[in-house]
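Below are the chains, spelled out letter by letter.
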Amino acid sequence: MNIIVCMKRTPDTATKIAVKDGQIDPACLDTWIINPYDEYAIEEALQLRDRAGEGKITLVSIGPPEAQETIRKGLAMGCDEAVHLVDDAFAGLDPLGAAKVLAAAIQKVGDFDLVYTGWKGVDEDHGQTGIYLAEFLGLPHVSMVVKIDDIGDGEARVEREVEGGHELVRTSLPAVFTAQKGENEPRYPTLRGIMGAKKKPFQTWSAADVGLDPAGLQPVQEILSVTLPPQRQAGRIVEGETVEEKARELARLLREEAKVI
Amino acid sequence: MSTNNVLVVAEHLDGQLKRISFECVTAAAEIAGSLGGQVQAMVLGTSLPAALAEQLGQAGAQTVFTADDGSLQDYAPERFAQVVADTVRRADPAVVLFGATARGRDLAPRVAAKLGVGLASDCTGFAVKDGRLVITRPMYAGKAIAQVALQSSPQMATVRPNIFPPAEVAPDRQEATIEPVAVGEIAAGAVVEEFQAKGGDRPELTEANIIVSGGRGMGGPENYVVIEALADALGAAVGASRAAVDAGWRPHSDQVGQTGKTVSPSLYVACGISGAIQHLAGMRTSKVIVAINKDADAPIFKVADYGIVGDLFDVVPALREAIRELND
Amino acid sequence: MIDFSLTEEQQALRDLARDFARDKIAPVAQDYDQTSTHPQDLINGAHNLGLMNLTVPEAYNGGGLGALEDCLVAEEFAAGCAGVATTIMGNSLALTPIVLAGTPEQLEQFVAPFCAAPNLAAFCLTEAGAGSDVASMRTTVRREGDEYVLNGSKRFITNGGTSSLYTVFATLDPSLKHKGICAFIVPGDTPGLSFGKKEDKMGQRASDTREVIFDNLRIPVANRLGQEGEGFLIAMKTLDRARAGVAALALGVGRAAMEAALEYAQQRQQFGQPIAQFQAIQFMLADMAMKVETARLMVWKAAWLTDNGRPNSLESSIAKCYASDIAMEVTTDAVQIFGGYGYIKEYPVEKYMRDAKLMQIYEGTNQIQRLVIARNLLRR
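Protein chains in written order, with this note's numbering: chain A, 1 to 261; chain B, 1 to 328; chain C, 1 to 380.
Next up, chain A with everything else stripped away, as it sits in the complex (with noise of 0.2 Å):
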């Protein structure tokens, strides 16, 4: 079974974001991580390909050159091959740019049987690639996927997270999955996987190299200004003798103040 997995480097979870001259200031950007829905993916693929005892999984990541330590940092988890998509016109991507990159650089790679991806980047949250990779490819997609119960030839069955449960989908292959925090754990790579890394095909193409003119891949999504949320002001501690007075204040408060009970 060989597997794409799309991931990109995203700043970490806990990054104060702070903003300037209307936009996000990227000098707070300074910790990145394997965005964490790719890193399900991506222990969702080693895990497909150890249980099928063959294959290989190819990362494909769009990102400034400084990204590369991050995609490495797939291959030290488990992962077989990189191609890392490097380019001026790159840079400021919207999702439908990324994904037309995504789809050249994967019909590039070609012969494979499933491409996984997040569900969404946990920087601007948009939630779109994976499913706009796939109608490029041409290919079904299931997205917010938590648990694949069966893969087998040319055909999958798996859960995606709804509201309320999970649908049951069955999809033929390939496919393109994105993948929502399911029950795998993603894991560590190991010392001997970063010490191995280094030594895995690692292969950085352009625009040219995917075969595609910079000018088509100018976004149609233009971030006008960022700000800030509101601060939201810190309210009154609710006090009173005892636990029980506390209580009954707040409750009180809750429906005639805040009149939300």
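Take the hints with a grain of salt, since some may be wrong.
What the hints assert, rightly or not - Here are the simulated distance ranges between beta carbons:
{"no.": "1", "chain 1": "B", "residue 1": "GLY15", "chain 2": "A", "residue 2": "ALA91", "range": "42 to 50 Å"}
{"no.": "2", "chain 1": "B", "residue 1": "ARG132", "chain 2": "C", "residue 2": "ALA280", "range": "49 to 57 Å"}
{"no.": "3", "chain 1": "C", "residue 1": "ASP19", "chain 2": "A", "residue 2": "PRO65", "range": "17 to 25 Å"}
No lab work stands behind these hints: they were computed from the structure. From the three backbone atoms N, C-alpha and C, an ideal C-beta is built for every residue, glycine too.
Could you slot chains B and C onto chain A? The hints should help.
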């Protein structure tokens, strides 16, 4: 050149339109008002009850496209997206709105891809400037708020639940024009075969009006009965912090925060949650926040409208009792 | 040239240790501290990731890495829990004499199994009456044919009751002082080996510290490390090698205390503002940062000397002494910044303070370190 109309792709379950679809109609009416266009809606399914289109009309849609076909019984992203995309081409709206639900988030990008256009996800506000949308949407799970514009047409967006009030169904409103949509044979590689309900009859986290959440302070999975009892007294959903989920006390589907759900209920009760930045990101747009924590310096109190400093195992049962007294 | 940048692998290794410490060690540190239980699950986890036996040569399936990598990992683990980190470092301390002085057969037989499974080893040097004064040890050894017979006991032995292997130092004749000391490898299941009760320590309570007793314990001659009388030298070389790692543990505890204080000072409101706004607190935070940063420089330098095969006795003593002294200062100040909350066990900083104290004592007290430093200076 497109029309100035705004099309809502509605969602229904068990013969009922979902609340989010009425919320979308509200957003659509605002936008259509500014553009000088109409609100339109679309429903897809098999043997659709006439009431669906009727209600959409009574809520404010002037035209309702109905795709009623045996092949639309089970959700299949490729097929549904094709039908919606064809309808969009035919109706030529300026704006297309979906609910930011599991279904809408799945369908909208596939439609956008078929049309080769951009999409704004999880939007919380729309303004019209020079005939184009200026869309408000959170990023970084709400740690930043962006104003975005879409250069492609139609302008497509998914609308976050619980932000817009649902449009009122007014039976005396003028009847909507029903436009049936012909559905041809469309191949689909992926088809939903079954829905497995999660059990329990508490409301779904992202749709709930009230959420009671427990964090690290819960101390263990067995102690959530305290939270559940309060939730049931309030008709609320139960949430959890990442710490509680990572500890294996609650399923991930309960997690509120940056790598979990982003929620905007009317009331969010945080019990034993210190208020890590990732958690605050997921619930800070709640209308009223209550914090119960024994650490008076916990960051959660900085965002809470009301706080009680104390042991949650004393406070939460007392609060449940107080609410019961109030209701009697 | 001076270059403080880490290679991509070193960074990845440090990130891995940091993630493991943050996600797995830190959340349970308080429990292990309170119950003073042996953290075998964390040892298993660290071993699975290849984060133990880092400096064992690759030929025996060890990490094949140097002192600097060992220090990077030690700092991160100690930031999670010093007791857990000491358990892991105690193991590596016990294997070091075999790595330094063992024959290929001894390495294959005794060290390689540690890389295959999460076993622990214990370094048995200190005695009730021979702490800093190693040469006055009373544990004796005598040769009987193809065997050695050991009698006596060792005190305050890390991993004393949880190990599968013991490296033991004993004397042929106490009157020979350091010239009579020999080093041995003692498998944990050897008859005649027993333990005292687990010490109820002030800090680092996750680590198992006990008396280890040898009662007519017999081992084959093949289990001797080096020659008779080389034991003292092997012990000193081992301690020289390990000292930077001990310094890194202290650094980790100091750093964790500083980070906790920094976060708390920005949260805690008094007089209507976060206490971090007060200069009195700012100066304490600044002092903490100066101490932690300079300690790291010294740790890295001592490790660099080791990795480059240069004498490191002076620098590793400075690193150990300085890092553990500043760890004590920084953790004490962290308790101060937390105020009353710092003194209660619900918050992490009182544990850091208790944990730090031991670092000024074990692996050569800071008084001995100062002696070593002074002797190095006066010898010039």
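Quiz item: Which earlier hints can't be squared with this structure?
Solution: none
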